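Enquirer: Chain by chain, the residues run as shown.
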Amino acid sequence: MNLDLERFHKTFFEESFENLDLAEAALLRLDVAVFDAETINTIFRAAHSIKGGAATFGFSAVAEFTHHAETLLDLMRSGKRQLAQPDIDLLLRAVDTLHGLLGAARDGSAANLAQVAEVQQALEAALSRPSVVPPAATIAAAPAASGWRIRFAPKPDLFRSGNDPLRIFRALAALGELRAEPVPQPLPGLSAADPETCYLAWTLELDGAATLAEVADCFAWVEDECDLAIEPRQPAVAEGMPPPTGVNVVALPVATVRAADTVPKTAEVASSIRVGTEKIDALINLVGELVITQAMLTQLAEALDPVQNEKLLNGLSQLDRNTRMLQEAVMATRMLPMEAVFSRFPRLVHDLASKLGKQVRLVTVGEQTELDKSVIEKISDPLNHLVRNSLDHGLENSESRVAAGKDAVGTITLKAAHQGGHIVIEVGDDGRGLDAARILAKAREKGVPCGETMSEAEIYQLIFAPGFSTAEQVTDVSGRGVGMDVVKRNIQALGGSVELASRPGRGATVTIRLPLTLAILDGMSVGVGEEIFILPLSSVIESLQPLPDQVKRVADAGTVVRVRNEYLPLVDLRDWFSLPGARRPPQESIVVIVEAEGRKVALQIDELVGQQQVVIKSLEANYRRVRGVSGATILGDGRVSLILDVAAVVRLFSQSIAA
Amino acid sequence: MTRILAVDDSPSMRQMVAFTLKSAGFDVAEAEDGAVALKMAQAEKFGLVLADVNMPNMDGLSLVRALRGLPDYKFTPLLMLTTESTPEKKMEGKAAGATGWLVKPFNPEQLVGTVQRVLG
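Protein chains in written order, with my numbering: chain E, 1 to 659; chain W, 1001 to 1120.
If you're looking for bench data, these hints aren't it; they were derived computationally from the structure. Be careful, since some hints might not be right.
[Said to hold, decoys possible] Restricting the straight-line Cα-Cα distance to at most 30 angstroms, the calculated cross-link-like pairs of lysine-lysine (DSBU-like) are:
{"hint": "1", "chain 1": "W", "residue 1": "1089", "chain 2": "W", "residue 2": "1039"}
{"hint": "2", "chain 1": "W", "residue 1": "1074", "chain 2": "W", "residue 2": "1022"}
{"hint": "3", "chain 1": "W", "residue 1": "1074", "chain 2": "W", "residue 2": "1089"}
{"hint": "4", "chain 1": "E", "residue 1": "378", "chain 2": "E", "residue 2": "10"}
{"hint": "5", "chain 1": "W", "residue 1": "1045", "chain 2": "W", "residue 2": "1022"}
{"hint": "6", "chain 1": "W", "residue 1": "1045", "chain 2": "W", "residue 2": "1074"}
{"hint": "7", "chain 1": "W", "residue 1": "1089", "chain 2": "E", "residue 2": "80"}
{"hint": "8", "chain 1": "W", "residue 1": "1089", "chain 2": "E", "residue 2": "155"}
{"hint": "9", "chain 1": "E", "residue 1": "373", "chain 2": "E", "residue 2": "10"}
{"hint": "10", "chain 1": "W", "residue 1": "1045", "chain 2": "E", "residue 2": "155"}
{"hint": "11", "chain 1": "W", "residue 1": "1022", "chain 2": "E", "residue 2": "279"}
{"hint": "12", "chain 1": "W", "residue 1": "1074", "chain 2": "W", "residue 2": "1039"}
{"hint": "13", "chain 1": "E", "residue 1": "279", "chain 2": "E", "residue 2": "617"}
{"hint": "14", "chain 1": "E", "residue 1": "415", "chain 2": "E", "residue 2": "355"}
{"hint": "15", "chain 1": "E", "residue 1": "617", "chain 2": "E", "residue 2": "378"}
{"hint": "16", "chain 1": "E", "residue 1": "373", "chain 2": "E", "residue 2": "415"}
{"hint": "17", "chain 1": "W", "residue 1": "1074", "chain 2": "E", "residue 2": "155"}
{"hint": "18", "chain 1": "E", "residue 1": "10", "chain 2": "W", "residue 2": "1022"}
[Said to hold, decoys possible] Calculated from the model, a selection of chain E residues having no Cβ within reach of chain W, i.e. all distances over 10 angstroms:
{"hint": "19", "residue": "26"}
{"hint": "20", "residue": "80"}
{"hint": "21", "residue": "184"}
{"hint": "22", "residue": "188"}
{"hint": "23", "residue": "339"}
{"hint": "24", "residue": "353"}
{"hint": "25", "residue": "407"}
{"hint": "26", "residue": "566"}
{"hint": "27", "residue": "622"}
{"hint": "28", "residue": "640"}
Here the structure is a predicted model, which is why all the values come from computation and not from measurement. Glycine residues also receive a C-beta, built at the ideal position from the N, C-alpha and C atoms.
Excised from the complex, chain E in its bound form (with noise of 0.2 angstroms):
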């Protein structure tokens, strides 16, 4: 037969990775102190399934490398190794010399064959005692004899383990030419005897080339069970050759089963497929479609005569409900845990730690939280770049905090939760806190623009300004001080905030706010002429219709709005997008406080018009980027609506007026 395996390789790296993510994430919990045997059996199993996979499938490679960790894991699990710090970072860089195996497997690229061989022989040289050479392989040398005498005699019991005499001889037969001769002893008569047991033993003769090691095969599911001799039928005649060996194969003592014990309670455990995310997307998008449809025969249907087309307006009501029930359902299934983004930091802080020789605790809280995948992997890169900067800037080391009356260890805090439409996302420590005094003097260093009478917040606030890094040496931790900056504007291109809390000797907290989804967002919908444009609710802040004396003409800085003393640049959306139809003065139409990365503008408009959530449609996809535009939605009414990009619009004009 010729199966084609490769099919199932895709099947067997994804759950490769995740057994070595499970493997990571197990390491990091054991303590030396206390023999967890749940957790080094997971570790143990997550190994053993790699092994068992890459042997199964080719990947010999990473076969032979990951045999070496599951034997050290063994010895661990059996008790008969003492857990031990050195073996734990150990097995951390064979997890990681795994990880690029299998990529390298996957990809079809090189592996890191000195990493390989490094940690190889650092495996080998841990494992103390020799690795156990399976006995088969001395049978396997043995010499082939021209045919064999078999003794096969078995247990009354032999039955019960759903073994069979006749599935033996079978076997045998397809070896060579087989004849069986029960051995003549006494047997119950026919109404006394158990159809359970087995009273019968044969001489069996088997011709032909069989090694001894394929007879023995054929009796190796049963040799506990059996007392079984196979002797070559003629003495082997090559000179030089080991005496033939009479193979008496004994039951091997049993060993003590401790399996039993350690089952564990069964856990509760959701039943789960795996299915691509482009079938998701492709739900989702076309779940989009059905709400805007749906959307579109709402609005036909106001028109309809509520008496007379009663049952008709009740079905629509009641598709209405369904499609938004519809569409969250769609919408969960691209929700995971904030769990897959945590998981990951153990292990950055505890390599990150032992850098720089300080000694942390991670604690994280709300793993549970959900948060769609789109959104999930893009906030990855940010939170690991605010996690390295409170381990390098932000915690003192042990001593520094002893003297300030501290605990030792260093607490690194990362939380999730839900707050409305929003997860909020905290990276905290209990560190020395930002120093207000430094900042300052660095911003001005650095050329940062920043006033005279700031108060500390605003200062604060500086350390998100691009090219600002306070690190008196750029160390290989947090990076080369690009960090904070990108950061923010990674967050804010996801539609979220950032905000920065800290309290001097006590610590800094940065909170991040994101929408739950990419996918759809809260929009308020503007009039400006015959357009309707999408404002994201989140970054409106009021409208007002402004007086008369409340605008003005500035010189060089067009027209601005004087809200509650601020002055605000004035946008038009009219000229902005060049729409046809007359100019209207401000105070003769609607003004829209909007706010981005701290910046205001007031944005002009003819009406408001509603609040409606939307599906976005990326204009990127569709036609092409355009400035000032993040996306496009369908109404109702079926016609295109474009999604103002707040950020871009705010840091067009305040430029503008800075300039």
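With chain E's structure known, arrange chain W on it following the hints.
Expert: Frame of chain E, contents of chain W only:
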């Protein structure tokens, strides 16, 4: 027709076993751990059970022990799929009531050959 139950927590392994046996004309059901397998085996009598050893929830040895205790599985072939080729491990399986074992890695031919031999 005899149905085979393939039990392995590794999806790729399980799929490979099921696919290979199905391609050889066998009827195969799959379970991802011992607990699930035991439930399935109680609901339906399988003619052969192939079980991985290391699995979460209920490992292969416990599964075999539990199955062997059921009247329906008193004489049913129960095979362990194991990577351990040491005698101790095999005997552990036998002591639990397994009929025999298949040592991983095995290729499709070996798997089908063994199953054909067992189901004769």
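Enquirer: Now, for every hint given, state plainly whether the structure supports it.
Expert: Status of the hints after comparison with the structure:
Taking the CA atoms of residue 1089 of chain W and residue 1039 of chain W, the gap is about 25 angstroms. The hint holds against a cut of 30 angstroms. The hinted pair formed by residue 1074 of chain W and residue 1022 of chain W meets the criterion: a straight-line CA distance of about 25 angstroms does not exceed 30 angstroms. At roughly 22 angstroms between alpha-carbon atoms, residue 1074 of chain W and residue 1089 of chain W fall within 30 angstroms of each other, so this suggested pair holds. A C-alpha spacing of about 24 angstroms is found between residue 378 of chain E and residue 10 of chain E, which places the hinted pair at or below 30 angstroms, so the restraint holds.
Our distance criterion of 30 angstroms between C-alpha atoms is met by residue 1045 of chain W and residue 1022 of chain W, whose separation comes to about 18 angstroms. With a C-alpha separation of about 11 angstroms, the suggested pair residue 1045 of chain W and residue 1074 of chain W falls inside the 30 angstroms cut-off, and the hint holds. In summary, the hint linking residue 1089 of chain W to residue 80 of chain E is supported, as the alpha carbons are separated by about 16 angstroms, within the 30 angstroms threshold. At most 30 angstroms may separate the alpha-carbon atoms for a hinted pair to count; residue 1089 of chain W and residue 155 of chain E meet this at roughly 21 angstroms.
Our distance criterion of 30 angstroms between C-alpha atoms is met by residue 373 of chain E and residue 10 of chain E, whose separation comes to about 20 angstroms. For the suggested pair residue 1045 of chain W and residue 155 of chain E, the alpha carbons sit about 27 angstroms apart, so the restraint of at most 30 angstroms is met. Taking the CA atoms of residue 1022 of chain W and residue 279 of chain E, the gap is near 27 angstroms; set against the 30 angstroms cutoff, the hint holds. Restraint check for residue 1074 of chain W and residue 1039 of chain W: the C-alpha separation of about 16 angstroms stays at or below 30 angstroms, so the hint holds.
Distance hint between residue 279 of chain E and residue 617 of chain E is fulfilled; the C-alpha atoms sit about 17 angstroms from each other, no more than 30 angstroms. Annotation: proposed proximity of residue 415 of chain E to residue 355 of chain E holds, straight-line Cα distance about 24 angstroms (limit 30 angstroms). A distance of roughly 19 angstroms separates the Cα atoms of residue 617 of chain E and residue 378 of chain E; the hinted pair therefore holds under the 30 angstroms criterion. With a C-alpha separation of about 18 angstroms, the suggested pair residue 373 of chain E and residue 415 of chain E falls inside the 30 angstroms cut-off, and the hint holds.
Note on residue 1074 of chain W and residue 155 of chain E: the hinted pairing holds, with a Cα-Cα distance of about 16 angstroms set against a maximum of 30 angstroms. In summary, the hint linking residue 10 of chain E to residue 1022 of chain W is supported, as the alpha carbons are separated by about 20 angstroms, within the 30 angstroms threshold. Non-interface status of residue 26 of chain E relative to chain W is upheld: no Cβ of that chain comes within 10 angstroms, the nearest being about 12 angstroms off. Listed as outside the interface, residue 80 of chain E is consistent with that label: its C-beta sits roughly 12 angstroms from the nearest C-beta of chain W, beyond the 10 angstroms cut-off.
With a least CB separation of 27 angstroms from chain W, residue 184 of chain E remains clear of the 10 angstroms interface cut-off, as annotated. The beta carbon of residue 188 of chain E is kept farther than 10 angstroms from every beta carbon of chain W, the shortest such distance being approximately 20 angstroms. The Cβ of residue 339 of chain E lies farther than 10 angstroms from every Cβ of chain W, with a closest approach of about 18 angstroms, so its non-interface assignment holds. Every CB of chain W lies more than 10 angstroms from the CB of residue 353 of chain E, the least distance being 31 angstroms, so the non-interface label holds.
Every beta carbon of chain W lies more than 10 angstroms from that of residue 407 of chain E, the smallest distance being close to 36 angstroms; the non-interface claim holds. Non-interface status of residue 566 of chain E relative to chain W is upheld: no Cβ of that chain comes within 10 angstroms, the nearest being about 59 angstroms off. With a least CB separation of 37 angstroms from chain W, residue 622 of chain E remains clear of the 10 angstroms interface cut-off, as annotated. Every CB of chain W is more than 10 angstroms from the CB of residue 640 of chain E (nearest about 43 angstroms), matching its label as outside the interface.
Comparing the model with each numbered hint stated earlier shows that all of them hold.
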